[in-house]
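Novice: Now for the letters of each chain:
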Amino acid sequence: MSLVTATIKRDLLLAARNPGEWLNPLMFFLMVAALFPLAVDPDPKFLSKIAGGVIWVAALLATLLSLDALYKADVEDGSLEQWLASGESLYGMALGKALVHWCISGLPLTIMSPVLGLMLSLPADAYAALLLSLLVGTPVLSLLGAVGAALTAGVRSGGLLLSLLILPLYIPVLIFSASAVYHAGIGMDYNGQIGFLGALLALAACLTPFAAAAALKLNLSR
Amino acid sequence: MPASTGPTTIDLEARQLCCERDDRVLFEGLDLRLQDGDLLQLAGPNGAGKTTLLRLLAGLNRDYDGELLWHGQPLYDDYSAYAALRLYQGHLAAVKKALTPLENLRWLVSNWPVEDDDLWQALDEVELGGYEETPCQQLSAGQQRRVALARLCIAPAPLWILDEPFTALDKKGVSWLEKRMQQHVEQGGAVIITSHHALENIASLRQLELGSVRA
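Chains as they are written, first to last, in the working numbering: chain A, 1 to 222; chain B, 223 to 437.
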């Protein structure tokens, strides 16, 4: 068994042992979205217009919450040092970590999103677009976020710094995905937006592991 | 240095190694060579650069002047081949508290082909028999340390680089580790170790005193 598959297995096992780590951001996701009807306007007509955007902003914030822990524990307990010592490519490792992160954050968010759609009276036509945009868009969030997590892993309270670094990079994903959901809701074609998200995903999957690997090396060469 | 006949598995050499931290020279002009059957203890006061040298030799830190050679070739020419032959244990144990010793050990040896039966046997040897499936957070610091050290029983790496491996071990653990290192060296392996512990029982011990070479 290679170190990468072993690490993916170990991290999934760790997530199963500490369910709070990934369940709490999910609860946060639910709550943020629930605040909008309370604070702004509970009128279904108004909500249906903003539902896609609200769900996506909530998904972004929930993802950020879970990112902080991605590499921190591994740096602190020496696991990262062992990776580097193993001589295996850090690229594969960084890709594996991002994949695990998506499995415990993006995937459950995607699965839970229809519930939020109901809460925010999302138009019936928009559900497919919402699920599709989350399915393609959330892996990009995990991949980009992993770079920030790798950079801030050695910083004591890196959570806020991580958000400041990564949120601007999330903007393109947010624009295309929220627009896909909105356009689906008013009965228009949304293939273009999903196509852009797919392109972003391909680009992120190829390039961000390099950046994350370089950041991790920097963290360890002290 | 014993003259060796035929090729050796281990041949690690440092030539004129020099390392600076924050404008302070830790060591310079350092020469050392390590071959099969060698045991090298790095000694010196705190802050003398023992861990730094160890990390350089392990290939974890590339911030140095001079040459590091593995079989006469620069260490980083074929880093993964080197990495497969050396085992590095830093002072962090890399043990996850939510996982059991068995699961931790499985991950720790995952870049070598190791059977599951061997894991049980290794844990037995470090006296964690019966604790194989207890989460590590319920184990003592010394026991967690033993989980990491159980690798020494099964990983097929001839070169061990150990940073303060005696930390948190009890008397029995210390004598076990000494014996294990001696065995390893007798079987043709090599060990580089930093420790304040006196390793009197091991015959082929060499010591390198850091902190005496000053700029």
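Treat each hint with caution, since some may be false.
To be verified - DSSO-like, lysine-lysine: derived pairs with alpha carbons at most 27 Å apart:
{"hint": "1", "chain 1": "B", "residue 1": "K319", "chain 2": "A", "residue 2": "K217"}
{"hint": "2", "chain 1": "A", "residue 1": "K72", "chain 2": "A", "residue 2": "K217"}
{"hint": "3", "chain 1": "B", "residue 1": "K319", "chain 2": "A", "residue 2": "K9"}
{"hint": "4", "chain 1": "A", "residue 1": "K9", "chain 2": "A", "residue 2": "K72"}
{"hint": "5", "chain 1": "B", "residue 1": "K394", "chain 2": "B", "residue 2": "K319"}
{"hint": "6", "chain 1": "B", "residue 1": "K393", "chain 2": "B", "residue 2": "K319"}
{"hint": "7", "chain 1": "B", "residue 1": "K319", "chain 2": "A", "residue 2": "K72"}
{"hint": "8", "chain 1": "A", "residue 1": "K217", "chain 2": "A", "residue 2": "K9"}
Stated by the list, open to error - Derived CB-CB ranges, DEER-like:
{"hint": "9", "chain 1": "A", "residue 1": "L160", "chain 2": "B", "residue 2": "D339", "range": "43 to 51 Å"}
{"hint": "10", "chain 1": "A", "residue 1": "L169", "chain 2": "B", "residue 2": "Q360", "range": "38 to 46 Å"}
{"hint": "11", "chain 1": "B", "residue 1": "Q343", "chain 2": "A", "residue 2": "E76", "range": "29 to 37 Å"}
{"hint": "12", "chain 1": "B", "residue 1": "D339", "chain 2": "A", "residue 2": "A16", "range": "39 to 47 Å"}
{"hint": "13", "chain 1": "A", "residue 1": "A34", "chain 2": "B", "residue 2": "D287", "range": "53 to 61 Å"}
{"hint": "14", "chain 1": "B", "residue 1": "G364", "chain 2": "A", "residue 2": "P19", "range": "53 to 61 Å"}
{"hint": "15", "chain 1": "B", "residue 1": "L291", "chain 2": "A", "residue 2": "G195", "range": "37 to 45 Å"}
{"hint": "16", "chain 1": "B", "residue 1": "D300", "chain 2": "A", "residue 2": "A199", "range": "52 to 60 Å"}
{"hint": "17", "chain 1": "A", "residue 1": "L169", "chain 2": "B", "residue 2": "D339", "range": "46 to 54 Å"}
{"hint": "18", "chain 1": "A", "residue 1": "L218", "chain 2": "B", "residue 2": "E400", "range": "33 to 41 Å"}
Claimed, not checked - Partner residues are not named here, just some residues of chain A that face chain B (Cβ under 8 Å, in silico):
{"hint": "19", "residue": "A6"}
{"hint": "20", "residue": "E81"}
{"hint": "21", "residue": "Q82"}
{"hint": "22", "residue": "L84"}
{"hint": "23", "residue": "R156"}
{"hint": "24", "residue": "S157"}
{"hint": "25", "residue": "G158"}
{"hint": "26", "residue": "N219"}
{"hint": "27", "residue": "L220"}
{"hint": "28", "residue": "S221"}
Just so you know, these hints were derived from the structure itself, not from any lab.
Quantities reported herein were computed from a predicted structural model and do not represent experimental measurements.
Built from N, CA and C at the ideal position, the CB exists for glycine as well.
Novice: Would you pick out the hints that fail for this structure and give their numbers low to high?
Specialist: 12, 14, 15, 16, 23, 24, 25 and 26
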